[in-house]
Amino acid sequence: MVEFLQFTLSGISFGMIYAAIALSLVLIWRGTRLVNFAQGAMAMFTTYIGIEVIYHTGSYWTGFVVALAAGIVLGAVAELAVIKPAQGKPELNAVIITIGLLVLLEGLAGIFYGGQFRSFPAAFSVTGLHVGSTALGVSRFDVFVAAAVLVTTLLLAVGFRYTSAGLRMRAAAFNATVARLSGIRVARVITVGWALAGLLGALAGVLVSPSTFLYPNSMDTIFVFGFTAAVIGGLDSPFGAVIGGLLLGVALSYAGGYLGSQVTALVALGILVVVLMLRPAGIFSGAQVRRV
Amino acid sequence: MSSPAGAPAGGAASLAIEDLVAGYGEVRALNDVTITASGASITAVLGANGAGKTTLLRAISGMVRPRSGRILLDGADQAGRGPEDMARAGIAHVPEGQGVIPELTVEENLRLGTMAWPGLARRRADRGAALAEAYERFGVLADRRRKPAGTLSGGERQMLVIARALIARPRVLLLDEPSLGLAPKIMRQVMDTVVRLSKESGITVVLVEQNARAALAIADHGVVLNLGRVVAAADAKTLAADVALRHHYLGF
Chain A
1 MVEFLQFTLS
11 GISFGMIYAA
21 IALSLVLIWR
31 GTRLVNFAQG
41 AMAMFTTYIG
51 IEVIYHTGSY
61 WTGFVVALAA
71 GIVLGAVAEL
81 AVIKPAQGKP
91 ELNAVIITIG
101 LLVLLEGLAG
111 IFYGGQFRSF
121 PAAFSVTGLH
131 VGSTALGVSR
141 FDVFVAAAVL
151 VTTLLLAVGF
161 RYTSAGLRMR
171 AAAFNATVAR
181 LSGIRVARVI
191 TVGWALAGLL
201 GALAGVLVSP
211 STFLYPNSMD
221 TIFVFGFTAA
231 VIGGLDSPFG
241 AVIGGLLLGV
251 ALSYAGGYLG
261 SQVTALVALG
271 ILVVVLMLRP
281 AGIFSGAQVR
291 RV
Chain B
1 MSSPAGAPAG
11 GAASLAIEDL
21 VAGYGEVRAL
31 NDVTITASGA
41 SITAVLGANG
51 AGKTTLLRAI
61 SGMVRPRSGR
71 ILLDGADQAG
81 RGPEDMARAG
91 IAHVPEGQGV
101 IPELTVEENL
111 RLGTMAWPGL
121 ARRRADRGAA
131 LAEAYERFGV
141 LADRRRKPAG
151 TLSGGERQML
161 VIARALIARP
171 RVLLLDEPSL
181 GLAPKIMRQV
191 MDTVVRLSKE
201 SGITVVLVEQ
211 NARAALAIAD
221 HGVVLNLGRV
231 VAAADAKTLA
241 ADVALRHHYL
251 GF
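Chains as they are written, first to last, in this note's numbering: chain A, 1 to 292; chain B, 1 to 252.
The hints are simulated quantities; they were obtained by calculation from the structure and are not laboratory data.
Keep in mind the model is a prediction, meaning the values are calculated, not measured.
Quick reminder that beta carbons are idealized off the backbone N, C-alpha and C, glycines included.
Hints are not guaranteed to be accurate.
Which residues of chain B face chain A? A partial, calculated answer using Cβ under 8 Å [as the list claims (entries may be wrong)]:
hint, residue
1, 84
2, 87
3, 99
Modelling step: build the complete structure from the supplied sequences, incorporating the hints.
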């Protein structure tokens, strides 16, 4: 019973990180109709920037903020520099470009920072919390991870729902033609979407790296799980992305805890196959099935 | 309320299309089309399927980039600008049958009309009044403001897109088949609304209609397109009375 509680709580903590990646993929999908395969690599790169700042300033929070800011800039620059020029061309071009970006960023990280594993500091204590004498299996830092993603997600949800900028983003995502005819600069809105996605990715990178270490490929697995979470929830649904991330996090935590960590990837794949067989558009997608 | 929602900022507009050529790929959909429309008038653009009516509206609103020719709004050439700039210049385009975003609520759809306004501060201050005025004019929308637009009927959706276009305070309103798929009674309501708007708010309306009889009944001027060329342009009454032209191009 205690084990079950521990696996659930640590699953939620990891699930929030998958949720952040999934949400970033959904933001890009809604604006550009593209899965950004470089999303994980971009997060890895901004986390390296964060760790450099932490080493030089000695302040975790300075590094944290700089990493997030770098995520915003990298997202916007990637969209403007390499994605926008591919618009209007065959869809596969943009997909290949994101894979190219992935390889480029991982290569650059290897050149600049080397391939060795680097430890990334955590904002709070990583020793397990206890209730009485019972270990909860999560640390203060895990709580911070869940809270940080939750707060960011809620801020985004409120922004989308209640602000003019949010309305512009939703209108552009649902129907770009009507949005443009209404005077909305859709190209700019799409760039903002990539910037926000970069922010979420950077957040995920900073939050996950204390548990996984940082190296040029360190975000690959996290990206695959985040992508799985986004597909489970439906690539069109921000709400679905968060729920998908949590479901996957908890499921993988049970699988790793009860069956052994070597089966987690297999379980993720199994969940993906089952969801796609039963609900091809994802659990929470209200939209029509689309070609991915 | 000092000015109606659609009141143009700088008096009556004048729209002049000169020698417009536009098309898709190899196909030339418009050939040297010249049309003028100005003031509080309704110009009906008529013709068979494939005559180029919709392409003409799409070219004026910037959705199709013209290959040559000029689109003059009050004398300034707008040709080559994108739809978001055209909307900001005062040209509102209500596309055929797809103007509503069903996932957004009625009020959010209406708020899209304010996106073409200049200046953020003014947008905030004026928005409430503009929405209130739209609800007053289109009472059916007021009761549904929090509902997704997808729950509206065809006629209500058409009212919604027209209401949104008006909130943008356009000088020129381009309407593509506003009566398409509507029951005759609802269609008459939509047409009456168009007439009232043009007269009350001084908007220059360019109306594309499959139903030539209904369009000529409310229009001041008529333009007949055939295979991308203007084959007739005259008073609406004159066109309606021209039996040969009606039989040949308009089918009634």
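Structure-based check of all given hints:
| no. | hint | verdict |
| --- | --- | --- |
| 1 | 84 | holds (5 Å) |
| 2 | 87 | holds (4 Å) |
| 3 | 99 | holds (6 Å) |
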